[in-house]
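Enquirer: Here is what each chain is made of, one letter per residue.
There are 4 protein chains.
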Amino acid sequence: MAKLTFVIKCPDQPGIIAGVTHFIKENGGNIVYIDQYVDRENLLFFMRLEASFEELSASFYEQFEESISNRFEMNCEIFETNRRPRMAVFVSKYDHCLYDLLSQYKSGELCVDIPFVLSNHADLKEATERFGIPFYHVPFTKDIREKGEAEQLALLKKHQVDFIVLARYMQIVSSALIDVYPNKIINIHHSFLPAFPGAKPYHSAYERGVKLIGATSHYVTEDLDAGPIIAQDVTQVSHLHSVKDLISSGKELEKVVLSRAVKKHVARKVLSYANRTVVFH
Amino acid sequence: MAKLTFVIKCPDQPGIIAGVTHFIKENGGNIVYIDQYVDRENLLFFMRLEASFEELSASFYEQFEESISNRFEMNCEIFETNRRPRMAVFVSKYDHCLYDLLSQYKSGELCVDIPFVLSNHADLKEATERFGIPFYHVPFTKDIREKGEAEQLALLKKHQVDFIVLARYMQIVSSALIDVYPNKIINIHHSFLPAFPGAKPYHSAYERGVKLIGATSHYVTEDLDAGPIIAQDVTQVSHLHSVKDLISSGKELEKVVLSRAVKKHVARKVLSYANRTVVFH
Amino acid sequence: MAKLTFVIKCPDQPGIIAGVTHFIKENGGNIVYIDQYVDRENLLFFMRLEASFEELSASFYEQFEESISNRFEMNCEIFETNRRPRMAVFVSKYDHCLYDLLSQYKSGELCVDIPFVLSNHADLKEATERFGIPFYHVPFTKDIREKGEAEQLALLKKHQVDFIVLARYMQIVSSALIDVYPNKIINIHHSFLPAFPGAKPYHSAYERGVKLIGATSHYVTEDLDAGPIIAQDVTQVSHLHSVKDLISSGKELEKVVLSRAVKKHVARKVLSYANRTVVFH
Amino acid sequence: MAKLTFVIKCPDQPGIIAGVTHFIKENGGNIVYIDQYVDRENLLFFMRLEASFEELSASFYEQFEESISNRFEMNCEIFETNRRPRMAVFVSKYDHCLYDLLSQYKSGELCVDIPFVLSNHADLKEATERFGIPFYHVPFTKDIREKGEAEQLALLKKHQVDFIVLARYMQIVSSALIDVYPNKIINIHHSFLPAFPGAKPYHSAYERGVKLIGATSHYVTEDLDAGPIIAQDVTQVSHLHSVKDLISSGKELEKVVLSRAVKKHVARKVLSYANRTVVFH
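Chains as they are written, first to last, in my numbering: chain A, 6 to 286; chain B, 6 to 286; chain C, 6 to 286; chain D, 6 to 286.
Just chain A, with the same shape it has in the complex (with noise of 0.2 Å):
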């Protein structure tokens, strides 16, 4: 048996779901569900669509491709909805959401494969290493930033290696990498954006007085702290909380809303257009 999840982004018009659902009930299939959205605005349409077939026939890529993607001038993805993505993770020197994507790891609450975690520090490599699994140091500075690159990309490629997650990365990512992983590499902001792009966010917070702080998953875009946001959520704050303290609370919420988003894409629910995101529940 074969079971099939479907990411469709496509010009609106009437016809495509009763296309789309005719196509899989004639190749055998079952639709197990459907998350559908259409931005009325830009006559855009989305959906995802997983379903099941007990043999999928040797032609039915190429006869979808044909009589419904062309059709519809879709552009469509199709995944073995139970393989389990390749996901490297770049950390620099603070822990706590690597900590938690590996935990979640373990515990298989995270459907991931992960062929590595990359820094330019050493710090984190006993920590990463503990959870058994293959640890890179690759130094960056402004000297060797062509070199380090180069041996970015080089274990991306080896590793086959499907995104990124910067997991409180320091780095800004490198054109080169961001054209390899187009919406395919996650960063955490640890701002509620659009307030406070940028560097030392809490610090910010903490001048302005805000009762809330906030973080930001995105996927990175040339524009600096400015791609698709995925998710984002906020905690409550007060004059209590010294700039020490926020960074603290900070921390908690950095990993729930980084691991967030990481799940939302793992499970293929992310659709990116336009600088926003389409994310079904």
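I should point out that these hints are in silico values taken from the structure, not numbers from a laboratory. Model, not experiment: these values are computed from the prediction. Be a bit skeptical, because a hint or two may be false.
Remember, identical chains collapse to one label, so a pair may be satisfied in a single copy or spanning two.
Below, computed lysine-lysine pairings styled on DSSO-like, alpha-carbon distance capped at 27 Å [unchecked claim]:
# : residue 1 : residue 2
1 : Lys-130   : Lys-111
2 : Lys-269   : Lys-249
3 : Lys-163   : Lys-189
4 : Lys-249   : Lys-8
5 : Lys-98    : Lys-162
6 : Lys-147   : Lys-163
7 : Lys-268   : Lys-8
8 : Lys-268   : Lys-163
9 : Lys-268   : Lys-98
Chain A is fixed; fit chains B, C and D onto it per the hints.
Expert: Frame of chain A, contents of chains B, C and D only:
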């Protein structure tokens, strides 16, 4: 142009979505929005679907019943999307939920008609009439219970009421009323059910020393405070809260949760089964 | 019996609490509640203290000033705890915050007197008068700006207003008004400041594709939307929300956040300094 | 320099705060932070006070007892503020709370010493030892119950454990243990108590069709899941959640709530009485 909302429950089987969407397309309809869910444990299929039609054929409803509804053994309701349901509000002496509903009605946030407010006390007559809505005082005691019920039913019938909101109506609703309005009487209970059912939940919450208090909006069934839950929420409390403070904090919450449930019901997004609800987004 | 609330700000130094509490005890007072905070960075001391006295000596206030207030260089306000402050409400055309404040006032949840509601439009006259509260229509355009301001100030003075709530009052408040009511004009801004200050924040939030929208209540200062924040909260949104939906969801939030801030102010629990607030529980 | 934290419970009466603060000042102390609360119903006084002293006189504790503690009939504990309490963790087979506690310990977010982790199963031995913490496997069945208890008590005594965290320890704790550690055993129950006490709360929550699931951290008493509540929180769920999904969502929540409770306990901010808690901010 006609806009219809289909609300469907039926046993799960392959081909339902394909069948419905194909039928709508063949009849000149365009699907605007689709929500779907399958309860795998009980093999039940749920769908809410909005579609617009340039023109509805005279036999549309009949054909739908014959070729779709009967074929899939559906429990299917079809609503004109833009028709405002008629909502009666039952109150006792508390005014906060009443004020909130009437304010939202006046602001255009609540898309219903309100033929009347009914109470077993006269206290909220003036508050109701301030909003230009008729108020009926129907006393209710042990002795005149049957008389009261008859009067209620007569008013509901006369005003063609579609559903009833118990906005802190402190009386137990009669079986006769529940029979006429199955899953159409919405109550707000001032606790996080199933904790603290029955009378004086804030007193019980205080006694237990909980750190959150809740409110639960549910459909009324024969079993007290045990009907299908539509919406729930909580708010933080602490040792600083006396019973009186809990009651006061709770009022804010009751308003929010009740209004959320009412809006979901009005949008026909709540589907009940097996003492549970499917609530579409 | 007298009940007093002391609200104290002063430079931090050893012995303040001992000094104040000793003085109160010597004068026959019993401390009912104490909240205290020290900003270690700026070495500032904040305290809010409720005490009850069988009888206040004629020279109590004078003695407090001499032996405590002057000694510790305090900025100290002493309120009769049970005196209801007089609150003016300024509105424009939106009614949701107005309805909420007036409903809570009627329900006894908001312990203030409301001498009047003022607006630059006549739209909410009827809504206000339904609650038995006088309504003043003070037009406000470029040409009659000074006339409008003078009229506002005259009304505020005549009615001995203690503080002003801008319940979605869409005008910029004049410096003259701010001078007379420093940290006594409470605004509700419909975004999570400092994100999206200024006009049309829901449109900006939609453009940015955020997953939470916020509301911020703050004291009005000369800098637009940049005054000390009293309360903030957020609510989840998704790709399903159009700008219109954001505006609608936001209304619920604006009501809740504004009313929370107003209640804290009324309880004299908000202490401002350095464009920040201490908000006691 | 000495930093002390005073945690005080006593019958309410005038002059307590003045008495304590005066004593501290006379002994060369500076009050850094004060939290105070009076339960008016039961006329009980609670205070937590941090003070720093250049030098503590040899007889400080004795004098405090004589002139303050006895005078006001206090139950008073005085802690060296910076001393890290010794925390034992009891687990069964679930690893998510254990990982979270150990990760936070490693990150420096949890200011305790952890002499050992104990379990009735061997499963989490490796996970524990990864963090460099000793693991004891103490089997526990009906037959060897007494032996197990004795072994537990011996380990706790030997390692001078101050308090115990049951991080999803699925065994009922013996009276002997509770006697030795009154209000010093912290449990996490995977429901919003008092809803769904006992075993399998997620199954019960599913059956009832709730829209929120909760977690409750409380001190262990003789009555199962009925001890004083320290922290509670909830997370939204919907019809989409199977029992398995509830369990998975709940894990995130359990971690957060347990860690919040443990941190409050470590900061000596939790005061228990009458099966309730005062939890200072």
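Enquirer: As a check of your reading, is Lys-98 near Lys-162 (CA-CA no more than 27 Å) within one copy, between copies, both or neither?
Expert: Cα proximity of Lys-98 and Lys-162: one copy only (24 Å, versus 37 Å across).
Enquirer: Within, between, both or neither: how does the pair Lys-268, Lys-163 come out at a Cα-Cα threshold of 27 Å?
Expert: within (24 Å within a copy, 43 Å between copies)
Enquirer: 27 Å Cα cut-off: does Lys-249 pair with Lys-8 within a copy, between copies, both or neither?
Expert: between (48 Å within a copy, 20 Å between copies)
Enquirer: Using 27 Å as the alpha carbon limit, work out where Lys-163 and Lys-189 are close: within a copy, between copies, both or neither.
Expert: within (17 Å within a copy, 52 Å between copies)
Enquirer: Can you give me the call for Lys-268 and Lys-8, within, between, both or neither, at a CA distance of at most 27 Å?
Expert: Within one copy only: 19 Å inside a chain, 36 Å across chains, cut-off 27 Å.
Enquirer: How do Lys-130 and Lys-111 come out at 27 Å by Cα distance, when the copy is not named: within, between, both, or neither?
Expert: Answer is both; intra-copy 17 Å and inter-copy 14 Å each pass.
Enquirer: First find the shortest C-alpha distance between Lys-269 and Lys-249 inside one copy, then the shortest across copies, and answer within, between, both or neither for a cut-off of 27 Å.
Expert: between (31 Å within a copy, 17 Å between copies)
Enquirer: At 27 Å max between alpha carbons, let me know whether Lys-147 reaches Lys-163 within a copy, between copies, both or neither.
Expert: Within one copy only: 25 Å inside a chain, 54 Å across chains, cut-off 27 Å.
Enquirer: Have a look at Lys-268 and Lys-98 and pick one of within, between, both or neither, based on CA distance no larger than 27 Å.
Expert: both (23 Å within a copy, 24 Å between copies)
In summary, the structure agrees with every hint in the numbered list given earlier.
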